[in-house]
Amino acid sequence: MTKRRVVVTGLGAVTPLGNDVETTWAGIKEGKSGVGMLTRLDASLFPAKVAAEVKDFDIEKYIEKKDARKMDRFTHYALASAIMAVEDANLTITEELGLRTGVWIGSGIGGMETYENQFRVFLEKGTRRVSPFFVPMMIPDMAAGQVSIHFGAKAINSCTVTACASGTNSIGDAFKVIERGDADVMITGGAESPITHMSVAGFCSNTALSLNTDPNTASKPFDANRDGFVIGEGAGILILEEYEHAVARGAKIYAEIIGYGSTGDAHHITAPAPEGEGAARAMKQALDDAGVSPEKIDYINAHGTSTPYNDQFETMAVKSVFGEHAYNLAMSSTKSMTGHLLGAAGGVEAIFSVLALHEGILPPTTNLETPDPLCDLDYVPNEARKEEIDYAMSNSLGFGGHNASILFKKIK
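Numbering (this note's numbering), first residue to last: 1083 to 1494.
Honestly, I wouldn't trust all of these hints.
Label pairs and their in silico Cβ distance ranges [unchecked claim]:
hint, residue 1, residue 2, range
1, 1086, 1470, 24 to 30 Å
2, 1332, 1452, 45 to 51 Å
3, 1288, 1119, 18 to 24 Å
4, 1104, 1332, 18 to 24 Å
5, 1468, 1288, 37 to 43 Å
6, 1209, 1231, 24 to 30 Å
7, 1298, 1105, 16 to 22 Å
8, 1174, 1357, 47 to 53 Å
9, 1410, 1262, 31 to 37 Å
10, 1105, 1198, 41 to 47 Å
11, 1215, 1350, 32 to 38 Å
12, 1295, 1137, 18 to 24 Å
What the hints contain is simulated information worked out from the structure, not anything from laboratory work. The C-beta atom is built at its ideal place from N, Cα and C for all residues, glycine as well.
All chains should be modelled from the sequences, with the hints used to inform the complete structure.
Have a look at this one:
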């Protein structure tokens, strides 16, 4: 089977740094933090006091209020980001093109906020007061479903749920749909809104969240004093398109997606496999899929959660795959600025990887103050770097031992 080329022609995002790609990317280049004090919930209830919340977002800029009320917040973020991405791609999804346009949007936990709210209604007021929209608002695939309905996208409509790897797996899976010829356009990425009582309580209970009360320094990937991740929310959506289809309509092309790897640790429900063995295999798969040698990779957008084990083991995985070249490439964690968007992280970080190629700017890892001898690579510390690059990889690693890597190439 001949593999069809796949390119990125549109971007859309809602993040803690801004409610569009332009504002978010400007914040990344400035090293700005989207982390603040936890305000969505009563912070006194939790040991963790900071969060990366989306700010001043208004779904009614995109859809009618009556429709918005039937959707969870994570779907709001996904739908708004998809609308922005389609507009950025200057794409008109006609009835004919709709048959060749698919949607693949991942989410780690879906409508947790809806679940909690409706359970309170059930306890206080009984069965009959539970919303008839409860189930379709809650299920993780509904972001993809609502985007499909909005645009009339009638090709494959799917959702990957692989915890924090959901966004990256979804993009990789969507890439393969076009590559093998099952669609010409895919609307893909990840969405998440996990800043809820039970989500925050659960992550606090398993000691995953940072207890640093200073929002400016709480997320510090690869730093010796890192103590956990900062929970975040938002969505990142990309338009993937078959190359000839994009060229024929004169589309702007940001980059080409050329490789995808996905593996399982088969090790532990939350801890990564020793030395990042599973992550290493995912990166190697992506390289092999693309037919690209390791020494050609210029930049890696790391999973880089700011947790002790992840950052150490991801560093070890990169060394095992890239050998001495690991010290020549650049690797940064944009979670230092956005917090960890869980299932949406891969979508947002794919956008940053694409823009790094497109603009020749490497995002920084902020708050990197105290070197960790076990994390000794070039993490682009504290300031963005102007550098023309040809290949960029994005990694996502999730609870349950899910590992995903995607590889982008600069269009010349």
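Okay, the hints, checked on the actual structure:
1. Judged by the Cβ atoms, the range 24 to 30 Å given for residue 1086 and residue 1470 holds: they are separated by roughly 27 Å.
2. For residue 1332 and residue 1452, the hinted distance range of 45 to 51 Å is satisfied, since their beta carbons lie about 50 Å from each other.
3. Between residue 1288 and residue 1119 the beta carbon distance is about 22 Å. The supplied range of 18 to 24 Å therefore holds.
4. Distance hint check: the CB atoms of residue 1104 and residue 1332 are about 22 Å apart, consistent with the given range 18 to 24 Å.
5. Checked against the hint of 37 to 43 Å, the pair residue 1468 and residue 1288 passes, with Cβ atoms roughly 40 Å apart.
6. Between residue 1209 and residue 1231 the Cβ separation comes to about 28 Å, which falls inside the hinted range of 24 to 30 Å.
7. Hint check: residue 1298 to residue 1105, Cβ distance near 19 Å, so the stated range 16 to 22 Å holds.
8. Under the hint 47 to 53 Å, the C-beta atoms of residue 1174 and residue 1357, about 49 Å apart, fit the expected range.
9. Take residue 1410 and residue 1262: their Cβ atoms lie about 34 Å apart, and the range 31 to 37 Å holds.
10. Between residue 1105 and residue 1198 the CB atoms are about 30 Å apart, so this pair departs from the stated range of 41 to 47 Å.
11. Between residue 1215 and residue 1350 the beta carbon distance is about 37 Å. The supplied range of 32 to 38 Å therefore holds.
12. Distance hint check: the CB atoms of residue 1295 and residue 1137 are about 20 Å apart, consistent with the given range 18 to 24 Å.
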